[in-house]
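Asks: So the protein sequences, as listed, match chains A and Y. First residue of the first sequence? That's 1 in our numbering, and the numbers climb one at a time after it. First residue of the second sequence? That's 1 in our numbering, and the numbers climb one at a time after it.
To be clear, the hints were calculated from the coordinates, so they are not data collected in a lab. It cannot be assumed that every hint is accurate.
No more than 25 Å apart at the CA atoms, straight line, and that leaves these computed lysine to any residue pairs for SDA-like [to be verified]:
#1 A:Lys-272 - Y:Val-211
#2 A:Lys-272 - Y:Leu-476
#3 A:Lys-296 - Y:Glu-275
#4 A:Lys-272 - Y:Lys-193
#5 A:Lys-183 - Y:Ala-484
#6 Y:Lys-193 - A:Ile-253
#7 A:Lys-272 - Y:Ala-80
#8 A:Lys-296 - Y:Pro-138
#9 A:Lys-296 - Y:Arg-34
#10 A:Lys-272 - Y:Arg-34
#11 Y:Lys-321 - Y:Ser-297
#12 A:Lys-183 - Y:Lys-193
#13 A:Lys-272 - Y:Lys-437
#14 A:Lys-183 - Y:Thr-267
#15 A:Lys-272 - Y:Pro-138
#16 Y:Lys-321 - Y:Pro-138
What you are looking at is a predicted structure, and each value in this text was computed from that prediction instead of being measured.
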Amino acid sequence: MAVLSDQLLVVAILSYLVAMVCHAAEYAFGNRGRVARAAVRPARDAAPAARELAVVGARPVTDLPPSSSSASPAGARTRDWPQLAGRAAVLAMVVGALAHLGSLVTRGVAADRVPWGNMYEFVLSAAFVGSVAWLVVLARRPGLRHLGLFVALAQVVLLGVAGMVLVTPVVPLEPALNSYWLKVHVTAAVLASGTFLVGFVAAAMHLVRAGYEQGRRSFPYSLGPRVPGAEALERLSFRLHAFAFPIWTFAVIAGAIWAEAAWGRYWGWDPKETWAFISWVVYAGYLHARATPSVKRSTAAWIAVLGWATMMMNLFGVNLFISGLHSYAGVN
Amino acid sequence: MSTVETRPPVAAEAPPRPPGPGRRLLALGRNWWRQLTSMRTALVLLFLLAVAAVPGSVLPQRSVNIEQVNRYFVDHPDLAPVLDRLRAFDVFASPWFAAIYLLLFTSLVGCIVPRLRDHLRAMRQLPPDAPRRLDRLPQHAAAVQHDGAAVQTAERLRGLLRRHQGLGPGWRAVVRTHDDGTATVSAEKGYLKETGNLLFHVSLIGVLVGVAFGSWYGWHGNRLLVAGADTAFCNSLQQHHEYGLGARVGAGDLPRFCLELTDFRTTYLDSGQAEAYSAVASVSGPDTPARDAVEFSVNHPLRLPGANVYLLGHGYAPVLKYTDRYGQSQTAVVPFLVSDSMLTSEGVAAFPDANVDPATGQRDPLRQVAFQGLYLPTTPEDPTVGRSVFPAERNPGLLLWAYRGDLGMDAGIPTSVYRLNQGQLDAGRLTRVGDMKLLRVGGSMVLDDGTKVEFLGTRPYVNLSVRHDPAQPVVLGSVALLLAGLMLSLTGKRRRIWFRVSESTTPGSSMVEAGGLARTDHPGFAEEFRSIVGKA
Chain A
1 MAVLSDQLLV
11 VAILSYLVAM
21 VCHAAEYAFG
31 NRGRVARAAV
41 RPARDAAPAA
51 RELAVVGARP
61 VTDLPPSSSS
71 ASPAGARTRD
81 WPQLAGRAAV
91 LAMVVGALAH
101 LGSLVTRGVA
111 ADRVPWGNMY
121 EFVLSAAFVG
131 SVAWLVVLAR
141 RPGLRHLGLF
151 VALAQVVLLG
161 VAGMVLVTPV
171 VPLEPALNSY
181 WLKVHVTAAV
191 LASGTFLVGF
201 VAAAMHLVRA
211 GYEQGRRSFP
221 YSLGPRVPGA
231 EALERLSFRL
241 HAFAFPIWTF
251 AVIAGAIWAE
261 AAWGRYWGWD
271 PKETWAFISW
281 VVYAGYLHAR
291 ATPSVKRSTA
301 AWIAVLGWAT
311 MMMNLFGVNL
321 FISGLHSYAG
331 VN
Chain Y
1 MSTVETRPPV
11 AAEAPPRPPG
21 PGRRLLALGR
31 NWWRQLTSMR
41 TALVLLFLLA
51 VAAVPGSVLP
61 QRSVNIEQVN
71 RYFVDHPDLA
81 PVLDRLRAFD
91 VFASPWFAAI
101 YLLLFTSLVG
111 CIVPRLRDHL
121 RAMRQLPPDA
131 PRRLDRLPQH
141 AAAVQHDGAA
151 VQTAERLRGL
161 LRRHQGLGPG
171 WRAVVRTHDD
181 GTATVSAEKG
191 YLKETGNLLF
201 HVSLIGVLVG
211 VAFGSWYGWH
221 GNRLLVAGAD
231 TAFCNSLQQH
241 HEYGLGARVG
251 AGDLPRFCLE
261 LTDFRTTYLD
271 SGQAEAYSAV
281 ASVSGPDTPA
291 RDAVEFSVNH
301 PLRLPGANVY
311 LLGHGYAPVL
321 KYTDRYGQSQ
331 TAVVPFLVSD
341 SMLTSEGVAA
351 FPDANVDPAT
361 GQRDPLRQVA
371 FQGLYLPTTP
381 EDPTVGRSVF
391 PAERNPGLLL
401 WAYRGDLGMD
411 AGIPTSVYRL
421 NQGQLDAGRL
431 TRVGDMKLLR
441 VGGSMVLDDG
451 TKVEFLGTRP
461 YVNLSVRHDP
471 AQPVVLGSVA
481 LLLAGLMLSL
491 TGKRRRIWFR
501 VSESTTPGSS
511 MVEAGGLART
521 DHPGFAEEFR
531 SIVGKA
């Protein structure tokens, strides 16, 4: 089972990689892509139908009579393929998420316990929640598909780091972790982290898009035209954060209740507790900033990005560089 | 809160002064108060709180791990005292950290008190009458003909709104009739959002109060407890190896009970990882009912009246019997400090009162004896490696080094019980006798002066933390309310709907126009409005 789990992880990473490549293809060659815009430029004032064609095929517009342009078989075929790439990316994402789930389940079966007993398993679980949260968002807002590139990228990086650096053999839980609070506390932390991840992607893309709309054209802002509108992204980011924040609060509370039973005190400023507190305060600041009309939306988005940075610090920095009571990473 | 208290004196000082400066002072105070309670200040304070917590995780903290702090002082002799003056090793007890959160809570109180007042007023008031032009509202439905006279229709609509489907209470709705024969229905919903918001913030104060009371009335003591009736412990400060009392707790307030460790059970995986361990103890004492064979473990503390006993760690205590040159025997049970996950343990068995001439009763300070030991629960093939290969006692072995001389215990300077006095060793007042020897259980070693040490076996020991925090229920209740308030405030949506019902030209029927306004960000309101108007 443990071997199967590792193999399924490889399948998941490869699927996410395929999703990333397909998204990138759609991104680059889709009807809002760079090649398309280059083709449009000389024909900017042409009729919409002609522009539509130019957008797709990058063929000389004058070759075809305008009336038949959109109906031309060649035009239809070339117009479709970036779209198809986008759909294939979503399919690859779903396949990746299924393999990802399979990897988690087989790991849990192999260890005969919940599959989040160490850092490797925690990263896998949180990334899986991120995938599911993204697919839910996508099902409800198909127009956001372009964001999939960044979600797939985050998945490939997280799973790659997990598979190469954090991987540990399957072992049962340490006595300190052997409690039903592990299920409650860590499940909540995983759920909140995964949702914060997608919320962070939306906030970062909001900043890119908003910067682009203000006329910035340097690197990260040059991605702007390819992502959905700034307002939609901002609202998505807020809703994800508003969903995740109570779960994070609950995760911290459940952790405190567990700490009382295991270590004798509900709060002791252990490094992991301290960073959970920092993240909580930063995300509380985000929600307050978002609710205050005088605070710019981009400021709020920056706070959300900072919040994600504190989450990452807690996951990687505290687990790997600072010793404390939460030293369960199992990474040497 | 400090500012709440300091502001009245500012006002009180004003009368004796000429009215000008007094009023100016008052204005200044009011201005400061307004600044402090503004959202911008609250955000800055929140951010500061987060930043201030960072050194608490990066630098070692006394409250978390004092050994790491001491090591930091050794490693950074120049930097550490400077950091210490900034209270960087006690961040969470430092005045500057307290200043930030007290200012934040003052700002919070200043913010929620007026909002609480407004909210209570809004709860008592009826929703306001419909605006003259419903078509100017973000949501609007043009007049449609309905059966029934205007007032009856209005009452029917009010009933519909009050019996709201789904979770939560229905709409607060009121019918007003007007002189021109029209009737209006005003309805409002989503008061729970603000209720939740206020509940969340009030609960935060509850958490702070609970934490404060816990630190005043709570106490803890740590104790290493070796199995056996002769090593039982009773809960008093003298018997704790380390303790901390809250500001309002005296030594006499600790509940009186005694605890004897009767057994300690562990199971290990083949890899040496512990699978489970638990302690078995018998409890007695005036403040707790006597119980035999109570079992407690990590995650399952022993909960006694007024105190909880937590199992934090465990190890082995070798039992050594030393027979001195006069034939007198002494037995020592010495807890050894665990140094790795395979329970390789080290410690010192000291016999300061050995070799006292029974005839004279004179102690020869140069004939004190101590044994430095390394205990390996499972000894490897080559014991000189000095590391155990498994945490359970599969092949126990004790590596012993004998020392003789002045142990340096009479100086009154506290020294580690796990190590020999390095000063005495350096000064040559304590010297090694013979070579290291590996002892099996029951084995013995004879020193050059004919004295003998015997390894009788080991007893398990546990590290216990005995704690009490009477304010825990306050904190727990507060966080439960906090979570409930948070979810209400994040999911609730404040919105208003109005219907204007006017007499139709057709007798026995009326025209109904509707308008709606979402008072907070609510993307789904248009849909909800259409659904309600459709049902009307």
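Asks: Compare the structure with each hint and give your call.
Replies: Results for each hint:
no., hint, result
1, A:Lys-272 - Y:Val-211, "holds, 19 Å"
2, A:Lys-272 - Y:Leu-476, "holds, 20 Å"
3, A:Lys-296 - Y:Glu-275, "violated, 53 Å"
4, A:Lys-272 - Y:Lys-193, "violated, 32 Å"
5, A:Lys-183 - Y:Ala-484, "holds, 21 Å"
6, Y:Lys-193 - A:Ile-253, "holds, 22 Å"
7, A:Lys-272 - Y:Ala-80, "holds, 23 Å"
8, A:Lys-296 - Y:Pro-138, "holds, 24 Å"
9, A:Lys-296 - Y:Arg-34, "holds, 21 Å"
10, A:Lys-272 - Y:Arg-34, "violated, 36 Å"
11, Y:Lys-321 - Y:Ser-297, "violated, 31 Å"
12, A:Lys-183 - Y:Lys-193, "violated, 30 Å"
13, A:Lys-272 - Y:Lys-437, "violated, 44 Å"
14, A:Lys-183 - Y:Thr-267, "holds, 23 Å"
15, A:Lys-272 - Y:Pro-138, "violated, 47 Å"
16, Y:Lys-321 - Y:Pro-138, "violated, 91 Å"
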